[in-house]
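Line by line, the protein sequences give chains A and B. Quick note, the first sequence lines up with residues 2 to 150 if you use the numbering used here. Quick note, the second sequence lines up with residues 2 to 85 if you use the numbering used here.
Hints in this document: simulated from the structure, not taken from any laboratory. There could be a bad hint or two in this list.
For the chain B half of the interface with chain A, some residues (derived, Cβ under 7 Å), not all of them [what the hints assert, rightly or not]:
1) Gln-4
2) Phe-8
3) Leu-13
4) Pro-17
5) Ala-55
6) Ala-58
7) Gly-63
8) Lys-66
9) Lys-67
10) Cys-71
11) Ile-75
Model, not experiment: these values are computed from the prediction. Beta carbons are placed, not taken as given, at the ideal position from N, Cα and C, and that holds for glycine.
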Amino acid sequence: MPVNAPALTEEFLRLLGFDATVVAHPFDDGLLLEVQCEDAGRLIGSQGQVLGQLQYLINRMIYQADPDHPKVAIDAGGYRTKIREELTARARAAAEKVRRWGDVVELEPMNAFERYLIHQALKDDPTVETHSVEVEGTSKKAILLRPRR
Amino acid sequence: MQQWLEFAVRGLVDRPDAVSVTPVDREGTMHFELRLHPSDVGKVIGRQGATIQALRALLQVGAAKKGLRCSVDIVEEATVTGSR
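This is chain B alone, in the form it adopts within the complex:
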C-alpha cells in the first residue's frame, strides 16, 4: 500500500522529490505518515478536503482487498514564523 500511496501522491504534487511516506504500525493498523513540501500540502488536501478524502477512500479499498487496515495522515513539520 505504501508504494501505491507514494505513486498517487507524487503524481499530485509539484515537488514529488519532497514526498515521503513513513509506515507506523499502530496496533494492527498500518498507519502512514505523509510528509510533503509545504507548498504542496494544499494540493494533497484539495478543495474542502476532496483530494485527501479520495486518497483515504481508495486506501481503504486497496487495504480491504488485501485484508489489511490502513490509514494516512499528513504530517506538517512545525515551522517557526516568528510571531504568535
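Only chain A is shown next, with the shape it has when bound in the complex:
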C-alpha cells in the first residue's frame, strides 16, 4: 500500500496535539521530513531524544504500510542542521588535536546519528581514522580518533 509520509506524520502530530506542517525534501537516497510547528522544542527533547523516537516510530509505521518505502529522516526547528554543523566543527577540532600531538582523542558518548555525522565529517581526512567503542551502562558509544598509519 503506498504511503504518504508527510501526511502520515502530520496526522500523527495533530492527534498528539501539535499543529504542524510537514514538508518533504529529497535527502541522500531517502526523504527528509521537515516539521514546522510552534512547539518544536517539545518534539526535539533533551539532546534530540524525542526527535529520534518520533523518527523511529514514523519509520516503523511507514514500513508497516509499505516495506519498499525509503527510510525518512525527521527534523524539527532546524535541529538536525544545527547539530550537523556543531558536530562537524567538533570533529575537525578533535582531528586537529590528533594531528598536532599524535595522541588518541576520545569524544564523549554519542547516539548512532551523532556518531554517523562524526564519521562522515572525517571519512576523507587522510590523517586520522575513527572507531566507535562501547561505553558501559549506556547504549551510546564513544568515538576514538587516532592517527592514520
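Please build the complex by placing chain B on the supplied structure of chain A, with the hints as guidance.
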C-alpha cells in the same frame, strides 16, 4: 490522547482490527490499557523495547503539552497453554 495512541498502534501492527485502547483513571493519571492480537505484541514492544519506549516518550510529550498525565501498558490476556 486515546485517539493518537490508537492511530499510532494501528499503524504498527498486522492486525489493526484487534487493537483496543481502554482508558482507566488512576488518581489523576489517565492510564491506557492496550490490547493487541497476540502475534502483534512483539511488534509493539520492539527490539529491546524500543517501540514501546518511543510510544511512551511521545505519549508524555503530548500529555505534557495538554497538561495531562498519561501512561500506557500492554495487557496480555492469560492464555491457556496446557503445561506449566
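We went through each hint and held it up to the structure:
Against a cut-off of 7 Å between C-beta atoms, the interface hint on B/Gln-4 holds, since the closest Cβ of chain A lies about 5 Å away. For B/Phe-8, the shortest C-beta to C-beta distance to chain A is roughly 5 Å, which falls under 7 Å, so the interface hint holds. A least Cβ separation of about 6 Å between B/Leu-13 and chain A falls short of the 7 Å threshold, and the interface hint therefore holds. About 9 Å separates the beta-carbon of B/Pro-17 from the nearest beta-carbon of chain A, more than 7 Å, and the hint is not met.
Evaluation of the B/Ala-55 hint against chain A yields a held restraint, the C-beta minimum of about 4 Å falling below 7 Å. With its C-beta approaching chain A no nearer than about 5 Å, B/Ala-58 sits inside the 7 Å limit, and its interface hint holds. The criterion of a C-beta within 7 Å of any C-beta in chain A is met by B/Gly-63, whose closest approach is roughly 4 Å, and the hint holds. Taking 7 Å as the C-beta contact cut-off toward chain A, the hint placing B/Lys-66 at the interface holds, the least distance being around 5 Å.
The interface hint given for B/Lys-67 is met, as the beta carbon of that residue sits about 5 Å from the closest beta carbon of chain A, less than 7 Å. Because the closest C-beta pair between B/Cys-71 and chain A is about 11 Å apart, greater than 7 Å, the hint is violated. The criterion of a C-beta within 7 Å of any C-beta in chain A is not met by B/Ile-75, whose closest approach is roughly 16 Å, and the hint is violated.
The structure fails to meet hints 4, 10 and 11 from the earlier list, while all remaining hints are met.
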